[in-house]
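A.B. asks: Those protein sequence lines, which keep their order, are chains A and B. Taking the UniProt record's numbering, the leading residue of the first sequence gets 1, the next gets one more, and so forth. Taking the UniProt record's numbering, the leading residue of the second sequence gets 1, the next gets one more, and so forth.
FYI, nobody ran anything at the bench for these hints, they're computed from the structure. Note that the structure is a prediction, hence the values are computed from the model and not measured. Incorrect hints may appear among the rest.
[Claimed, not checked] Ranges of calculated distance between the beta carbons of each label pair, as one might list FRET restraints: (1) Pro352(A) to Asp72(B): 24 to 34 Å; (2) Gly250(A) to Ala125(B): 40 to 50 Å; (3) Gly264(A) to Arg103(B): 42 to 52 Å; (4) Glu146(A) to Pro143(B): 30 to 40 Å; (5) Lys6(A) to Gln37(B): 57 to 67 Å.
[Said to hold, decoys possible] Distance condition first, Cα-Cα at most 20 Å in a straight line; then the derived SDA-like pairs of lysine to any residue: (6) Lys15(B) to Glu64(B); (7) Lys110(B) to Glu146(A); (8) Lys314(A) to Lys15(B); (9) Lys140(A) to Lys133(B); (10) Lys100(B) to Thr122(B); (11) Lys133(B) to Ser213(A); (12) Lys314(A) to Asp70(B).
Where a beta carbon is used, it is the ideal one built from N, C-alpha and C, also for glycine.
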Amino acid sequence: MDLMEKNLELVEIQKLEGHTDRVWSVAWNPVSSHADGVSPILASCSGDNTVRIWEQSSLSRSWTCKTVLEETHTRTVRSCAWSPSGELLATASFDGTTGIWKNYGSEFECVATLEGHENEVKSVSWNASGSYLATCSRDKSVWIWEGLEGNEYDCAAVLSEHTQDVKMVQWHPTMDVLFSCSYDDTIKVWWSQGDDGEFECVQTLGESNNGHSSTVWAISFNAAGDKMVTCSDDRTLKIWGTDIARMQSGEEYVPWTHLCTLSGYHDRTIYSAHWSRDDIIASGAGDDAIRLFVDSKDDSVDGPSYNLLLKKNKAHDNDVNCVQWSRSEGDQLLASASDDGMVKIWQVATKP
Amino acid sequence: MVSGLINENPIIYPKKERRLRTDSSNTDEFTPEPIDQLEIFDHIRDIKDPEHPNTLEDLRVVTEDSVEVDDDNSYVRVTFTPTMEHCSMATIIGLCVRVKLLRSLPARYKIDIRVAPGSHATEDAVNKQLNDKERVAAALENPNLVEMVDECLLPSAE
Numbered sequence: 001m002d003l004m005e006k007n008l009e010l011v012e013i014q015k016l017e018g019h020t021d022r023v024w025s026v027a028w029n030p031v032s033s034h035a036d037g038v039s040p041i042l043a044s045c046s047g048d049n050t051v052r053i054w055e056q057s058s059l060s061r062s063w064t065c066k067t068v069l070e071e072t073h074t075r076t077v078r079s080c081a082w083s084p085s086g087e088l089l090a091t092a093s094f095d096g097t098t099g100i101w102k103n104y105g106s107e108f109e110c111v112a113t114l115e116g117h118e119n120e121v122k123s124v125s126w127n128a129s130g131s132y133l134a135t136c137s138r139d140k141s142v143w144i145w146e147g148l149e150g151n152e153y154d155c156a157a158v159l160s161e162h163t164q165d166v167k168m169v170q171w172h173p174t175m176d177v178l179f180s181c182s183y184d185d186t187i188k189v190w191w192s193q194g195d196d197g198e199f200e201c202v203q204t205l206g207e208s209n210n211g212h213s214s215t216v217w218a219i220s221f222n223a224a225g226d227k228m229v230t231c232s233d234d235r236t237l238k239i240w241g242t243d244i245a246r247m248q249s250g251e252e253y254v255p256w257t258h259l260c261t262l263s264g265y266h267d268r269t270i271y272s273a274h275w276s277r278d279d280i281i282a283s284g285a286g287d288d289a290i291r292l293f294v295d296s297k298d299d300s301v302d303g304p305s306y307n308l309l310l311k312k313n314k315a316h317d318n319d320v321n322c323v324q325w326s327r328s329e330g331d332q333l334l335a336s337a338s339d340d341g342m343v344k345i346w347q348v349a350t351k352p
Numbered sequence: 001m002v003s004g005l006i007n008e009n010p011i012i013y014p015k016k017e018r019r020l021r022t023d024s025s026n027t028d029e030f031t032p033e034p035i036d037q038l039e040i041f042d043h044i045r046d047i048k049d050p051e052h053p054n055t056l057e058d059l060r061v062v063t064e065d066s067v068e069v070d071d072d073n074s075y076v077r078v079t080f081t082p083t084m085e086h087c088s089m090a091t092i093i094g095l096c097v098r099v100k101l102l103r104s105l106p107a108r109y110k111i112d113i114r115v116a117p118g119s120h121a122t123e124d125a126v127n128k129q130l131n132d133k134e135r136v137a138a139a140l141e142n143p144n145l146v147e148m149v150d151e152c153l154l155p156s157a158e
């Protein structure tokens with residue numbers, strides 16, 4: 001199915017109001033979707049120091065705020081991430097702590113607080129099995145945490161090779177390889193040899209390897225895990241790739257290489273990029289717009305190239321800080337978070 | 001602050017006369033006036049320098065021409081000139097300008113702040129910090145910094 005041939009648009013399904021300050025991030029619960037017989041659940045986090053949990057009713061199909069996680073973080077909650085099982089929600093805050101919340105049906109309880117970073121925690125990410133958690137901070141470090149019995153977490157590594165504020169961490173979708181991106185304009189890859197190896201920085205993607213020329217804000221992988229997209233203050237999206245089969249079979253690390261740069265599409269900083277399961281890349285930027293890109297499928301000796309599928313102007317009344325595709329197959333729901341204090345749910349649909 | 005000022009003897013420029021606005025062409029009270037350079041300059045000219053009892057206008061840190069505005073596209077850029085090349089107050093001044101504009105301009109406005117090219121030793125580093133909204137947001141959650149900014153934004157008791 002060639003998406004470029006269909007006349008597509010991004011339709012606003014619902015606007016979720018409630019936060020009293022900018023919304024920084026949204027995260028879809030991985031195990032909930034109507035297909036599973038469970039209502040889709042979305043978490044959003046904000047400059048109002050709270051996290052809101054939104055649920056879609058299977059009857060009315062409308063979204064409501066199920067609960068507000070408050071009185072724990074004392075400053076902005078910058079990002080949140082669900083564990084792969086969907087039972088836990090990790091929240092990263094400017095107060096320097098990372099909260100771990102357990103879902104007890106109608107209520108959430110903060111079961112652990114991870115401390116250690118010297119200042120604002122910017123991002124949190126679970127690995128594919130849920131055994132590791134990674135966090136990063138303005139203190140320039142990336143921490144890896146291991147979950148133990150009884151809601152205990154142990155610090156497994158403190159990785160200090162970035163030279164500036166680390167904006168986001170993201171585990172690879174299938175392998176225990178960690179990626180981080182920073183105000184120092186680079187993306188770093190962290191890998192540990194074998195089962196007992198220490199995590200170390202095995203690659204730095206900077207300007208010298210066709211990397212970004214300003215702060216890198218986000219990283220997102222395709223479903224197969226052989227490609228990733230990064231977005232930056234330099235107003236470009238970059239696509240990177242690796243030989244995933246070789247990496248998964250061998251003992252050695254296989255480097256990532258630059259495949260393609262999408263420039264000239266964005267007028268302001270790009271804060272977020274997310275790769276959907278059906279290969280659509282969404283971007284959220286400081287010009288209040290959401291853009292969707294797809295592989296042009298033009299076989300070229302220079303590598304893949306991407307086309308702008310559509311641009312949604314004024315998706316929000318202010319900067320779009322985060323875009324996230326829902327995990328469910330065929331749903332093509334997109335959630336967005338903005339400085340205007342709103343969360344919006346969108347659907348990709350064919351124009352009538 | 002008694003001694004240890006970064007700039008002990010700043011140049012204070014003579015005060016420019018304030019031009020009165022006499023635009024009588026728009027008599028429709030419902031049509032908003034386009035925001036122009038002078039209006040934005042009016043918002044920032046009286047910001048106090050963090051170290052001296054003078055305004056940013058007095059010290060020529062900002063001038064009317066340091067404001068570039070495109071109202072149709074809701075965009076403004078302010079280029080300020082710190083009094084000294086190694087002024088460590090540059091980020092504070094930039095932050096004050098940003099906060100004043102955030103509080104004064106409609107939410108649709110995109111604001112860029114930068115130091116005048118060639119006017120500061122670590123110009124790129126200062127510009128990067130001033131335009132990283134996550135860093136600005138975190139800074140503004142620091143009560144000490146907010147107090148300092150609010151002091152600079154207080155109207156003078158002249």
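A.B. asks: Please verify whether Lys110(B) and Glu146(A) have alpha carbons no more than 20 Å apart.
C.D. replies: Violated, at about 41 Å.
A.B. asks: Is the straight-line distance between the alpha-carbon of Lys133(B) and that of Ser213(A) 20 Å or less?
C.D. replies: OK: Lys133(B) and Ser213(A) at ~18 Å, within 20 Å.
A.B. asks: Is the Cα-Cα distance between Lys140(A) and Lys133(B) 20 Å or less?
C.D. replies: The hint holds at about 17 Å.
A.B. asks: Is it true that the CA of Lys15(B) sits at most 20 Å from the CA of Glu64(B)?
C.D. replies: holds (13 Å)
A.B. asks: Is it true that Glu146(A) and Pro143(B) lie within 30 to 40 Å of each other by Cβ?
C.D. replies: With a Cβ separation near 35 Å, Glu146(A) and Pro143(B) satisfy 30 to 40 Å, so the hint holds.
A.B. asks: Regarding Gly264(A) and Arg103(B), is the given constraint of 42 to 52 Å on their beta-carbon distance met?
C.D. replies: Violated, since Gly264(A) and Arg103(B) (Cβ atoms, about 34 Å apart) do not stay within the stated range.
A.B. asks: Taking 40 to 50 Å as the stated bounds, is the beta-carbon spacing between Gly250(A) and Ala125(B) within them?
C.D. replies: Taking Cβ atoms as reference, Gly250(A) and Ala125(B) lie about 41 Å apart, which means the hint holds.
A.B. asks: Take a quick look at whether Lys314(A) and Asp70(B) sit within 20 Å of each other, Cα to Cα.
C.D. replies: Holds, at about 18 Å.
A.B. asks: Assess, step by step, whether the Cα of Lys314(A) is no farther than 20 Å from the Cα of Lys15(B), and give holds or violated.
C.D. replies: With Cα atoms ~42 Å apart, Lys314(A) and Lys15(B) exceed 20 Å; violated.
A.B. asks: Holds or violated: Lys100(B) with Thr122(B), Cα cutoff 20 Å?
C.D. replies: With a Cα-Cα distance of about 24 Å, the restraint between Lys100(B) and Thr122(B) is violated, given a limit of 20 Å.
A.B. asks: Evaluate the given range 24 to 34 Å for the C-beta pair formed by Pro352(A) and Asp72(B).
C.D. replies: holds (32 Å)
A.B. asks: Does the Cβ pair Lys6(A), Gln37(B) satisfy 57 to 67 Å?
C.D. replies: violated (46 Å)
In summary, the numbered hints that this structure violates are 3, 5, 7, 8 and 10.
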